[in-house]
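Chemist: The chain contents come next:
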Amino acid sequence: MPFPLIRPLRLATSSLVLLLCALAAHAQNAPSTATASTPATRPACSSPVDGTAQTPAAAAPTAADAALLSRDARRIYELSRDKLVQIRTLLRNAGTQASIGSGFFVSADGLIVTNFHVASQLALEPERYRGVYVTMEGQEGEVELLAFDVQRDLAVLRAKGRTAAAPVLGFRPADEALAQGERIYSLGNPLDIGFAVTEGTYNGLVKRSFYPRIFFGGTLNPGMSGGPAVDDAGRVLGVNVAKRMDGEQVSFLIPAEFAQALLQRAANAQPITQAAHAEMTRQLVEHQQVLTDRFLKAPFREQRHGNYRVPVPDDALARCWGSGRDPSFPGLNLERTQCRADSDVVAGDFNTGAVRLSYEAYNAPTLGAARFARMYSQSFANEQLPTRGNRHQTAAECTERFVDPGSLPLRAVVCLSAYRKLTGLYNMTVLVTSVNQPTQGVLGRLDVQGVAFDNGMKLASHYLKAFRWEAAP
Amino acid sequence: MSTMPTTTTLGLIEAHDRHGALLARAPITRWPVTVGRALDCDLVLDDPFVAPRHLRIDRTVDEHRTVEVEVLETRNGARLQRKRHAQGERFDWPGGTPIDLGHTHITLRLSDAPIADEQALPEFPWRTVGTTAALVVLVGAAAMASSWLESRDSSQYLKSLPSVLLMLLLVLSAWSGLWAVANKMFAGRLQFWRHVRIACTVYLASEALRLVAHLAAFSFSLEALSQFASVLGVLVLAWALYAHLATVLPRRSVGLAWTVAAVVALGVPAWLGAQWLNRMRLTNEMYMSSLFPPSLRVAPTAPVDQLLQDAEALRAKLDRRLKDDGLADEDE
Numbered sequence: 001m002p003f004p005l006i007r008p009l010r011l012a013t014s015s016l017v018l019l020l021c022a023l024a025a026h027a028q029n030a031p032s033t034a035t036a037s038t039p040a041t042r043p044a045c046s047s048p049v050d051g052t053a054q055t056p057a058a059a060a061p062t063a064a065d066a067a068l069l070s071r072d073a074r075r076i077y078e079l080s081r082d083k084l085v086q087i088r089t090l091l092r093n094a095g096t097q098a099s100i101g102s103g104f105f106v107s108a109d110g111l112i113v114t115n116f117h118v119a120s121q122l123a124l125e126p127e128r129y130r131g132v133y134v135t136m137e138g139q140e141g142e143v144e145l146l147a148f149d150v151q152r153d154l155a156v157l158r159a160k161g162r163t164a165a166a167p168v169l170g171f172r173p174a175d176e177a178l179a180q181g182e183r184i185y186s187l188g189n190p191l192d193i194g195f196a197v198t199e200g201t202y203n204g205l206v207k208r209s210f211y212p213r214i215f216f217g218g219t220l221n222p223g224m225s226g227g228p229a230v231d232d233a234g235r236v237l238g239v240n241v242a243k244r245m246d247g248e249q250v251s252f253l254i255p256a257e258f259a260q261a262l263l264q265r266a267a268n269a270q271p272i273t274q275a276a277h278a279e280m281t282r283q284l285v286e287h288q289q290v291l292t293d294r295f296l297k298a299p300f301r302e303q304r305h306g307n308y309r310v311p312v313p314d315d316a317l318a319r320c321w322g323s324g325r326d327p328s329f330p331g332l333n334l335e336r337t338q339c340r341a342d343s344d345v346v347a348g349d350f351n352t353g354a355v356r357l358s359y360e361a362y363n364a365p366t367l368g369a370a371r372f373a374r375m376y377s378q379s380f381a382n383e384q385l386p387t388r389g390n391r392h393q394t395a396a397e398c399t400e401r402f403v404d405p406g407s408l409p410l411r412a413v414v415c416l417s418a419y420r421k422l423t424g425l426y427n428m429t430v431l432v433t434s435v436n437q438p439t440q441g442v443l444g445r446l447d448v449q450g451v452a453f454d455n456g457m458k459l460a461s462h463y464l465k466a467f468r469w470e471a472a473p
Numbered sequence: 474m475s476t477m478p479t480t481t482t483l484g485l486i487e488a489h490d491r492h493g494a495l496l497a498r499a500p501i502t503r504w505p506v507t508v509g510r511a512l513d514c515d516l517v518l519d520d521p522f523v524a525p526r527h528l529r530i531d532r533t534v535d536e537h538r539t540v541e542v543e544v545l546e547t548r549n550g551a552r553l554q555r556k557r558h559a560q561g562e563r564f565d566w567p568g569g570t571p572i573d574l575g576h577t578h579i580t581l582r583l584s585d586a587p588i589a590d591e592q593a594l595p596e597f598p599w600r601t602v603g604t605t606a607a608l609v610v611l612v613g614a615a616a617m618a619s620s621w622l623e624s625r626d627s628s629q630y631l632k633s634l635p636s637v638l639l640m641l642l643l644v645l646s647a648w649s650g651l652w653a654v655a656n657k658m659f660a661g662r663l664q665f666w667r668h669v670r671i672a673c674t675v676y677l678a679s680e681a682l683r684l685v686a687h688l689a690a691f692s693f694s695l696e697a698l699s700q701f702a703s704v705l706g707v708l709v710l711a712w713a714l715y716a717h718l719a720t721v722l723p724r725r726s727v728g729l730a731w732t733v734a735a736v737v738a739l740g741v742p743a744w745l746g747a748q749w750l751n752r753m754r755l756t757n758e759m760y761m762s763s764l765f766p767p768s769l770r771v772a773p774t775a776p777v778d779q780l781l782q783d784a785e786a787l788r789a790k791l792d793r794r795l796k797d798d799g800l801a802d803e804d805e
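Chains as they are written, first to last, in this note's numbering: chain A, 1 to 473; chain B, 474 to 805.
If you are wondering where the hints come from, they were derived from the structure by calculation, not from laboratory data.
All figures in this text were calculated on a predicted structure; none of them were measured in a lab.
Just so you know, even glycine gets a beta-carbon here, dropped at the ideal spot from N, CA and C.
You can trust all of the hints, since none of them are fake.
Taking CB as the label site, the calculated pair distances span: (1) B:Pro776 to A:Thr273: 47 to 53 Å; (2) B:Asp802 to A:Gly95: 21 to 27 Å; (3) A:Glu302 to B:Ser619: 34 to 40 Å; (4) B:Leu705 to A:Gly368: 26 to 32 Å; (5) A:Gly424 to B:Ala678: 46 to 52 Å; (6) A:Gly181 to B:Asp783: 52 to 58 Å; (7) B:Leu705 to A:Thr423: 37 to 43 Å; (8) A:Gly368 to B:Asp802: 47 to 53 Å; (9) B:Leu634 to A:Lys465: 43 to 49 Å; (10) B:Val704 to A:Thr387: 14 to 20 Å; (11) A:Thr366 to B:Val654: 43 to 49 Å; (12) B:Thr604 to A:Thr366: 34 to 40 Å; (13) B:Glu596 to A:Gly368: 41 to 47 Å.
Please build the complete structure, drawing on both the sequences and the hints.
Modeler: Structure representation (C-alpha cells):
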C-alpha cells in the first residue's frame, strides 16, 4: 500500500479512524474511541468538510462515464433510501445527542445492523443513554440493543414499536466473490448532514488485518459508521467501519458474513437493558485467546542489530517501521523499530487488544562505558507506564530482575495493570535492556493490551526467550 | 571626680546580653556590691526582668575568701549553673561562672584570681584554607565529571565547561552568601567560608550517596536502593540544614539538632504516607532504570521462567489495587 513515508512511526500508531461522529456538546465522553489517539477527527464532525462531495466527479475521466456512474449511484440510492437509518445515541435525561452513526434494516420485523462502536454506549451505559433511529423521511423511533460483536465491531438493534414491515436490504451471497476493482457503493449519513451515497472500488481484503476487513477504495466520513456497502445490485457486501486519516479514499468495511452471523445470534436474543460488561469481557477474552494463539504459534522473526538478535512478529501478524542513525549525535548509531499488530478492538470509549513492540538499538564505540551507561539509563528511564489508575484500569505493578534466556543477560521488567470492568483482563508491558556490552545495547518494549494473566505470562516468556547474542564468528 | 581618693580595685563585675555583648561594667572597690536597676546599685542594669535591688555580693573575711551572693527582693530570682535561687536565698559564687538575672548574664573577675597567660595570635589558618580550597576543587571536579557524563562529544563538552563552572560558582556563592548574611545578623560574624565548606561537603556527599545507591542497586539488583535514594538524599540535606543553622546560632545547636531531626522524622513518613494514600506505592519509580557497565553487575541472572514466577505475585497486588485504590472515578 502506498503509505507516505514522512512520519512512518507515527503513521503506524495513530492513523486508523473510526467513523463514529460524536457531537461537540458531548465530545468529552462519547467519542474517545476515535479521538483518543487521533484528535484530528473531532473537527471533522463539527466543521463539515466541503471536499467530501466531489468524489464521483474526481473519479470520472469522461463526461459519458460520469453520467453512467452517477446514474448508477442514483439507482443505488433510490434502491436503498428507505432501508437506511441514522442511529443516534441520546443522553437519557437531557435528550441531547451524544453520538451518531448509520445503520440499515435487515429484517421485516425491524432488525438493524450497525457498528458496535456506534451502539457501545447503549451496551455499557444503558442507564445513561438511549438509542433512536431516524429514517430518511425523518421518522424517528426507539431502538433496543439485541447483540453485539466487539471483535468485528458490529451490533444488531431492533426498532421498537414499528407496525409496518420494514423495507429490507438483502445480503450478497458469500459464494459470489467480488472481483478486485469492482464498483461498490457505500451509504450513510456523514457528519449528520444528510444521507449520502459514495462510490468506490472493492480492493479485496486488507493485508495483515487481524480480522478480515474489506479495503474500500472510496470515501467514508464520520457518521457513516454502520452504514451498508452494497454491490451494483444493491446487495449488502459489507458494513462501513473506518478509514485511514493519512490516506485519501482508503476506507474499510466489515465483510457482510459477520453481520449475518451476528444476526442469527440476535434473532432470538433478549434486549440488553443492563450494562453488558460481562458479555463484552467474554468476547474480549475470546479475542485475546485468538491473539495469543496466533503469536505463540508463529515463531518470532529475528531482527539483527549488530550482534543482537531481537524478536519481531511475523510479517503476517504485524507491520514494522524502522529508522536509522540519529543525525544530531555523530558518536552514536541508533536504530529504532516499531511494530504493531492491527488487532485493536473498540471496548466502549477506549480501545484494547493492541500488540506493540519497539526496539532501540544503540552502538556508540567512541562514547566510553561511563557515558554510554548514563545515556542508556536515561533512555531506559523514559518508558511511560500508568503510574496512577483511572476509571478504566489500575496503575501498573511491576516485577524485575536480571534474566538470561541463553546467550544474552538482560534486565527485564514485567508490568501489568488490571482493567476494572473487564474482569480478568490486563494490559501488560515488558521492558528489556541488554546488559552484556559496555558501549552497545538494545532496549525492547512489548505492550499487549487486554490480555488474560496467564496468556500475558506466556507471551512475555515467548518474547524474552527470543533475545539472543550472536558472538562474532 | 578628681578629688576622690584613689582606691585599689578588688575586682571587676560585668554584665552581658544573651549574645555576649557587654552591657555594663563596674570596678569593685569595696564589699559588698549590689546589682539591680536602681541607680544606687554598684552595677546598674537596664533589663526589665531585673529587680531594683536584685543581688548583694559579698566576700567572706575567713581564709577561704569565698564570694557569697544574697538574692534580694526579686520575683525572678537568680540562676547559677542551671540552679535557680529564689528571693532570700544565699549561695556561693565560684570563680569563672556566670550568674543569670532576667535576660542578663553577669560575671566576676577578682583581683587576686590568677590571670591566664597571654594567647598567641592565631596563625594564618592554612589548614582551613587548604580544606576549603580542596573542597571547592572537588566540587568543581564533580560538576565537570557529571557534565562530561551528560555530554556527547568533547567539543560540546569543552564548550559547556565555562557555563557549568560559572553556574556552580554563582550557586555556591549565592547559597553561602545568604547563610553568611544570616550569620552576621545573628552571630555578628560572616563565617562565609565555613558555609562554603558546608555547602561543598553536602554537594559531594549527596552526589556520592546517589552514585553509591544506584550502583549498588544495579550491581546487586536491589531495586529498593534506587527507589529510596531520594530519601537518603533528604537525610543529607537535613544534615546540611543543621550544619548551616548551627553555625548561625552556635548556642542553640542542641535545640536545632532536635528540631531538624523532628522535621525529618515527621516529614519523611508524612511524605511517604501521602504517596501511599495517593497511589498505593511509596515512590514514583516503577522500576530500576539506572544501568552501569555490565562488568559491575554482581547479582546473578535467573532463567526467564523465574521472572515470570515472580510476576505471579502481581495478580494479588492488582486485585488489591482494584479493590482499594479509590481511583475508579478518575478520568485519564
